[in-house]
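Chains A and B, in that order, are what the protein sequence lines are. Numbering-wise (numbering that gives the first Met the number 0), the first sequence opens with residue 0 and increments by one. Numbering-wise (numbering that gives the first Met the number 0), the second sequence opens with residue 0 and increments by one.
These are calculated hints, taken from the structure and not from any lab test. Any given hint might turn out to be false.
Below 25 Å or equal to it, Euclidean Cα-Cα: the simulated SDA-like pairs (lysine to any residue) are [claimed, not checked]: (1) A:Lys7 x A:Ser200; (2) A:Lys46 x B:Phe159; (3) B:Lys51 x A:His151; (4) A:Lys51 x B:Ala128; (5) A:Lys51 x B:Leu136; (6) A:Lys46 x B:Gly156.
Just some of the chain A residues that point at chain B, by a computed CB distance under 10 Å [unchecked claim]: (7) Glu65; (8) Ile69; (9) Thr91; (10) Met95; (11) Leu135.
Every value quoted in this text rests on a predicted model; they were computed, and no experiment measured them. Glycine residues also receive a C-beta, built at the ideal position from the N, C-alpha and C atoms.
Protein chains: 2
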Amino acid sequence: MKLYSAHKAPNPRRVLMFLAEKGITDVEVVNLDLSAGDNLHEDFRRKNPMAKVPVLELDDGTCISECGAIYRYLEERVPEPALLGRTIMEKTLIEMWERRAELSFMLTVGHCFQHTTGFFKDRMTPIAAWGEESGLLARQFLPLLEEQLTGHDFVAGSEFSAADITVFCALEFAKLVGMRPDAEEFPALVAWYQGIKQRPSAAIF
Amino acid sequence: MKLYSAHKAPNPRRVLMFLAEKGITDVEVVNLDLSAGDNLHEDFRRKNPMAKVPVLELDDGTCISECGAIYRYLEERVPEPALLGRTIMEKTLIEMWERRAELSFMLTVGHCFQHTTGFFKDRMTPIAAWGEESGLLARQFLPLLEEQLTGHDFVAGSEFSAADITVFCALEFAKLVGMRPDAEEFPALVAWYQGIKQRPSAAIF
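Can you build the whole structure from these sequences, using the hints too?
Now the structure itself:
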């Protein structure tokens, strides 16, 4: 398998962390230079018409994009350790928290970053007001995480899962826009973050 | 089970359509009045702290939000007809297309609607420029759908799936912002849409 990735990009990091937690090592990582527009070339668009990383290319040439779909493929191929749940309720609640983390946190942090920094202004229209608003929306997710992590060891319950990976990678990304949860305001979230940070999979980046 | 929904709301419609395709009828539908802010009340926030519909409440009181998570729960409980795939590759490609449809189409149509119409301006900050831009981003998804549906009967391949439901509900929602794919420009997409429109599940709304 080949993973099309990019140095320091938050969404590919989710897949790298997922692979590390699974102990899957037979993946060749191909790093694209997003600043140079490697992902916009026709040959990459044939792998993912959305022109985004990550893309997991299987040995038969099938290309899988969207982190959630790559998580699914890898979980089916290598079921243990389970990162998408074992029981019906584990599967459901991990999916709920993973989607919340993607839609209401990773995506809002991403919009804040793209629209306030103009990092991709050669290929999109940054709207500063939307960037600022997205930062506020991202911050609104923190109290929800604090409440959940006050009662649970991990984001979706009692076990580490893909939801922890998505939240962790979004929090790491959020540093780029100056968002770092304060330990006094968010003690459970910060304690959880420090625990995840110590996992070997958190260092692969 | 109870489904907290809202008349004419696009995301609850995804779940109503999924339930109909599964033939699941033992669900009490509770319609909230979003304009009146029913979803903002404390008792509803206990069911979903994101204050959004749909929410599926199980008989033991467990509340599931996020359409993808509700899809997952229902698929696990009632496996046939499969709407999230049977083989590994079906599961993976349905997840890929469903996430694409949610992130790059349903969400962009939603931002276009909310930020250009000011429908929820009592509870959010509409940014007209972002609304316009979101409309352009949503339109960029149409050629991708056209290409996919030129080669396949359904969005994720040869069988009807949750990905069709998400795309169909987003297209229906898009009418509210004046987006209707033209049959000359998007013949495969329009033919697919007309086929889905004839399914009994498309009429439940």
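We went through each hint and held it up to the structure:
As the CA atoms of Lys7 (chain A) and Ser200 (chain A) are separated by approximately 14 Å, the hinted pair is consistent with the 25 Å bound. Restraint check: the Cα-Cα separation between Lys46 (chain A) and Phe159 (chain B) comes to about 23 Å, which is no more than 25 Å; the hinted pair holds. Restraint check for Lys51 (chain B) and His151 (chain A): satisfied, since their Cα atoms lie roughly 23 Å apart, inside the 25 Å limit. This hinted pair checks out: Lys51 (chain A) and Ala128 (chain B) have alpha carbons roughly 24 Å apart, not beyond 25 Å.
At most 25 Å may separate the alpha-carbon atoms for a hinted pair to count; Lys51 (chain A) and Leu136 (chain B) meet this at roughly 14 Å. The straight-line distance between the Cα atoms of Lys46 (chain A) and Gly156 (chain B) is roughly 17 Å, inside the 25 Å bound, and the hint therefore holds. For Glu65 (chain A), the suggested interface contact is upheld, since its CB lies about 4 Å from the closest CB of chain B, less than 10 Å. The interface hint given for Ile69 (chain A) holds, since its Cβ lies 8 Å from the closest Cβ of chain B, which is under the 10 Å cut-off.
Hint on Thr91 (chain A) holds. Least Cβ distance to chain B is approximately 4 Å, under the 10 Å limit. Taking 10 Å as the C-beta cut-off, the interface hint given for Met95 (chain A) holds, the closest approach to chain B being about 4 Å. Among the interface hints, the one on Leu135 (chain A) holds; its C-beta lies about 8 Å from the nearest C-beta in chain B, closer than the 10 Å criterion.
The structure agrees with every numbered hint stated previously.
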